[in-house]
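Each chain is listed here by its residues.
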Amino acid sequence: AQSVTQPDIHITVSEGASLELRCNYSYGATPYLFWYVQSPGQGLQLLLKYFSGDTLVQGIKGFEAEFKRSQSSFNLRKPSVHWSDAAEYFCAVGQPGGGGGNKLTFGTGTQLKVEL
Amino acid sequence: GAGVSQSPRYKVAKRGQDVALRCDPISGHVSLFWYQQALGQGPEFLTYFQNEAQLDKSGLPSDRFFAERPEGSVSTLKIQRTQQEDSAVYLCASSLSNDQPQHFGDGTRLSIL
Chain A
1 AQSVTQPDIH ITVSEGASLE LRCNYSYGAT PYLFWYVQSP GQGLQLLLKY
51 FSGDTLVQGI KGFEAEFKRS QSSFNLRKPS VHWSDAAEYF CAVGQPGGGG
101 GNKLTFGTGT QLKVEL
Chain B
1 GAGVSQSPRY KVAKRGQDVA LRCDPISGHV SLFWYQQALG QGPEFLTYFQ
51 NEAQLDKSGL PSDRFFAERP EGSVSTLKIQ RTQQEDSAVY LCASSLSNDQ
101 PQHFGDGTRL SIL
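Protein chains in written order, with the working numbering: chain A, 1 to 116; chain B, 1 to 113.
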């Protein structure tokens, strides 16, 4: 069964500092990989996705993520954090071609706090 | 509408009551998913529809949970004889096809007293 680990429950960074959120997955082959962001009381907004091809993926709001097969990781990065980036971030994996229609398995999330 | 719409946004029910949660997906989206998000956790898969067919219901926690999508658009998640452990946010997502990203609604926060 596929699983996702987000080792950091909470992260605090200063505005303007760089950010890296960690994500490790367990899956038998190359999965589909996603990062979503959730603000309080809101649904999940897709930041970026990896299906295949270039392992460095660009997303919205200046975020990027790199797929590293050897480390089973898909870490999210941003060079300079803005106060509006404070939210909860979820990494998720999907099963390509699976009968479940690409149902997603999520990590437990990383709560990002931005200090002004 | 432009996005996935869920109603109600908040639902409070007494233990033992039945509840129905509605999801209106993005027009034309074939795939529809329901997830349950407990407090402080990531969403967990409940069930999946392709058009009107429920192809995967492996995540439904008990036979008290039932979902339908009779005309291949709007979906309803029904919980019978609610229990306190059913308290959670229920998220609906839709996608154009299996290999396209899912778009999420804002969820229904269900509280069972």
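These aren't lab readings, by the way, just hints derived from the structure by calculation. On a predicted model such as this, the values are computed, not experimentally measured, just so you know. Careful, some of the hints might be misleading.
DEER-style ranges, computed between Cβ atoms [what the hints assert, rightly or not]:
hint: 1; chain 1: A; residue 1: Ala29; chain 2: B; residue 2: Ala2; range: 16 to 24 Å
hint: 2; chain 1: B; residue 1: Arg15; chain 2: A; residue 2: Pro40; range: 41 to 49 Å
hint: 3; chain 1: A; residue 1: Ile60; chain 2: B; residue 2: Arg64; range: 23 to 31 Å
With a straight-line cut-off of 25 Å between C-alpha atoms, the simulated DMTMM-like cross-links for lysine to aspartate or glutamate are [unchecked claim]:
hint: 4; chain 1: A; residue 1: Lys68; chain 2: B; residue 2: Asp24
hint: 5; chain 1: A; residue 1: Lys49; chain 2: B; residue 2: Asp99
hint: 6; chain 1: A; residue 1: Lys49; chain 2: B; residue 2: Asp24
hint: 7; chain 1: A; residue 1: Lys49; chain 2: A; residue 2: Glu64
Selected chain B positions facing chain A (Cβ under 8 Å, derived; list incomplete) [stated by the list, open to error]:
hint: 8; residue: Asp18
hint: 9; residue: Ala20
hint: 10; residue: Phe33
hint: 11; residue: Leu39
hint: 12; residue: Gln41
hint: 13; residue: Pro43
hint: 14; residue: Phe45
hint: 15; residue: Glu52
hint: 16; residue: Pro61
hint: 17; residue: Phe65
hint: 18; residue: Phe66
hint: 19; residue: Pro70
hint: 20; residue: Glu85
hint: 21; residue: Asn98
hint: 22; residue: Gln102
hint: 23; residue: Gly105
We treat Cβ as the ideally placed atom computed from N, Cα and C, and that holds for glycine.
Going through the hints against the structure:
no., hint, verdict
1, A:Ala29 / B:Ala2: 16 to 24 Å, "violated (35 Å)"
2, B:Arg15 / A:Pro40: 41 to 49 Å, "violated (27 Å)"
3, A:Ile60 / B:Arg64: 23 to 31 Å, "violated (38 Å)"
4, A:Lys68 / B:Asp24, "violated (37 Å)"
5, A:Lys49 / B:Asp99, "holds (11 Å)"
6, A:Lys49 / B:Asp24, "holds (24 Å)"
7, A:Lys49 / A:Glu64, "holds (10 Å)"
8, Asp18, "violated (24 Å)"
9, Ala20, "violated (19 Å)"
10, Phe33, "holds (6 Å)"
11, Leu39, "violated (11 Å)"
12, Gln41, "holds (6 Å)"
13, Pro43, "holds (5 Å)"
14, Phe45, "holds (5 Å)"
15, Glu52, "violated (14 Å)"
16, Pro61, "violated (15 Å)"
17, Phe65, "violated (16 Å)"
18, Phe66, "violated (18 Å)"
19, Pro70, "violated (18 Å)"
20, Glu85, "violated (18 Å)"
21, Asn98, "holds (5 Å)"
22, Gln102, "holds (7 Å)"
23, Gly105, "holds (5 Å)"
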